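Student: Residues per chain are reported as follows:
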Amino acid sequence: MGEPSPPPIPLPQGEGECFRGPRLRIIALQSHLAGPFDLALNAGECLAITGPSGSGKSLFLRMVADLDPNQGEVFLDSVERRSLPAHEWRRKVVYSAAEPGWWHEGVADHFDAAAMDFARATAPRLALAAALLDGQVVQLSTGERQRMALLRALALRSPVLLLDEPTGALDEASTTLVEDVLRERLAVGVTIAMVTHSAAQAVRLGHRHLRMADRHLVLA
Amino acid sequence: MNPILLTPFDVAIAAVLIVLDGVLSLLLRLDLHTQLAWAAARLVVQLVLIGFVLRLVFAIASPLVTLAVILVMVSIAGREVAARPEQRLGRFGNYAVGASAVAIATFLTAILALTTAIRPQPWYDARYAIPLAGIILGSVLNGGSLALDSLLGGVVRERAAIEAQLALGVRFSHAMRGLIRASVRRALLPIINQMSAAGVVTLPGIMTGQILAGMDPMEAAKYQILLIFLLSGGSGLAAVAVVYLAAMRLTDDRQRLRIDRLTARARGSRS
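In the order they appear, the protein sequences are chains A and B.
Following this note's numbering, the numbering of the first sequence begins with 1 at its first residue and continues without gaps.
Following this note's numbering, the numbering of the second sequence begins with 221 at its first residue and continues without gaps.
Watch out, some of these pointers could steer you wrong.
Unchecked claim - Below, a sample of chain A positions facing chain B; criterion: calculated Cβ distance under 7 Å:
no.	residue
1	L84
2	H87
3	Y95
4	P100
5	G101
6	W102
7	R183
What the hints assert, rightly or not - FRET-style restraints, in silico, Cβ to Cβ:
no.	chain 1	residue 1	chain 2	residue 2	range
8	B	M468	A	A40	32 to 42 Å
9	A	P124	B	R397	26 to 36 Å
10	A	V138	B	G373	15 to 25 Å
11	B	D473	A	D38	22 to 32 Å
12	B	R397	A	A213	50 to 60 Å
13	B	D473	A	E172	37 to 47 Å
14	A	A40	B	L291	53 to 63 Å
15	B	R397	A	E88	17 to 27 Å
To be clear, the hints were calculated from the coordinates, so they are not data collected in a lab.
Quantities reported herein were computed from a predicted structural model and do not represent experimental measurements.
Glycine residues also receive a C-beta, built at the ideal position from the N, C-alpha and C atoms.
The following block holds chain A by itself, in its conformation from the complex:
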């Protein structure tokens, strides 16, 4: 596929400062279900992926995070993922599912101490009342759950975020808030690959916009 024009790139922060190549490089990534995918994303770049349901968008993000069996190589800066233990890779290349899972009853139990400080500080920015953090997961609305899951992922401060419909369950006002927070992340050099059903959002947030068609990525 042809390379679209690169977006304005803020300098990468922290680790990998000497590395001049793309932040995330995907080479011949495939499984028997989807691909192959070849792609390079720079620090601070946002890729928006649209496409019909079942076309393989989630499969793609899950393969990048190494959550599903796959072949191919994925580099974070100059580090190939297989040179890292899987859990360390996923801490740097964080996937957030469209329907987030919860494994405790209390919301707060899903955050460790450091993540909790971040969550308390950032929750108001996503219009989440601080009291919700001390409540039960079952008491959260669908939209609150989605924003809480995003908070959980953001708290890891990973260099790459793979977001599966991060605003799928949100109204317009909450969507704007989420996009503002994501834009800030992009500005400090975080790379985002995002699946969205909203073409408008893909234009608003995405430096690059690709479409998943029949389990392959094509220019939108």
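The hints should help you fit chain B onto chain A, whose structure is shown.
Tutor: Chain B only, in chain A's frame:
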């Protein structure tokens, strides 16, 4: 102190009670009489057969034959553990997990009992080893199948929760902790119930049998206590072995949750 020996005629008198059940089934239209007759016939044939086999094995008194009999029992129990859950691990995973866990738990517990507490001469004497392995197997089968069913069902039900943790960089072993704990707990509840009810709600089978066979009730009680301890140990070992062996098959070298290795049982509820 000699047991009162039963003649076939004594047993036949007791069979009148089965006939009574059959008559009840006919009168009340329970439609159970055929099943009842079959079950009673199976009971008689199976137990008489095993009686003959055991008599033969005891007479041969060869450790190899004893081991072979126990291995057959273990593989049957392993199959039962594998068959219980609705979910199946690929590549005969349920059988591999069930049989290895049952074998580990049964052999460890039985050998411990035979070499320390019971100490027959020799320690592998078939008269002790086979019945002991049998009673331990019953408990191991219970614990193992409950643990496996709970773990495999739980993995399917809680897939999103487990994968959400993996996606946030949590190790597979850590993400599975809650489920593993719940599965082992569930496997141990029956034996805990059995222990707390023993002697109050029910007189356990071994003790009853030994009292009927003429043993002093205190001696019979001690035997029963020893055996129930063995059963709890066996259940616990089987549950832990089943859960870890199955969990290992549910992941790979990249700590993924390999739910694709599970298939729902072909027969029954196919949603």
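Student: Hints first: check each against the structure and report whether it holds.
Tutor: We went through each hint and held it up to the structure:
{"no.": "1", "hint": "L84", "in the structure": "10 Å, violated"}
{"no.": "2", "hint": "H87", "in the structure": "5 Å, holds"}
{"no.": "3", "hint": "Y95", "in the structure": "4 Å, holds"}
{"no.": "4", "hint": "P100", "in the structure": "6 Å, holds"}
{"no.": "5", "hint": "G101", "in the structure": "3 Å, holds"}
{"no.": "6", "hint": "W102", "in the structure": "6 Å, holds"}
{"no.": "7", "hint": "R183", "in the structure": "22 Å, violated"}
{"no.": "8", "hint": "B:M468 with A:A40: 32 to 42 Å", "in the structure": "36 Å, holds"}
{"no.": "9", "hint": "A:P124 with B:R397: 26 to 36 Å", "in the structure": "32 Å, holds"}
{"no.": "10", "hint": "A:V138 with B:G373: 15 to 25 Å", "in the structure": "21 Å, holds"}
{"no.": "11", "hint": "B:D473 with A:D38: 22 to 32 Å", "in the structure": "24 Å, holds"}
{"no.": "12", "hint": "B:R397 with A:A213: 50 to 60 Å", "in the structure": "41 Å, violated"}
{"no.": "13", "hint": "B:D473 with A:E172: 37 to 47 Å", "in the structure": "44 Å, holds"}
{"no.": "14", "hint": "A:A40 with B:L291: 53 to 63 Å", "in the structure": "58 Å, holds"}
{"no.": "15", "hint": "B:R397 with A:E88: 17 to 27 Å", "in the structure": "19 Å, holds"}
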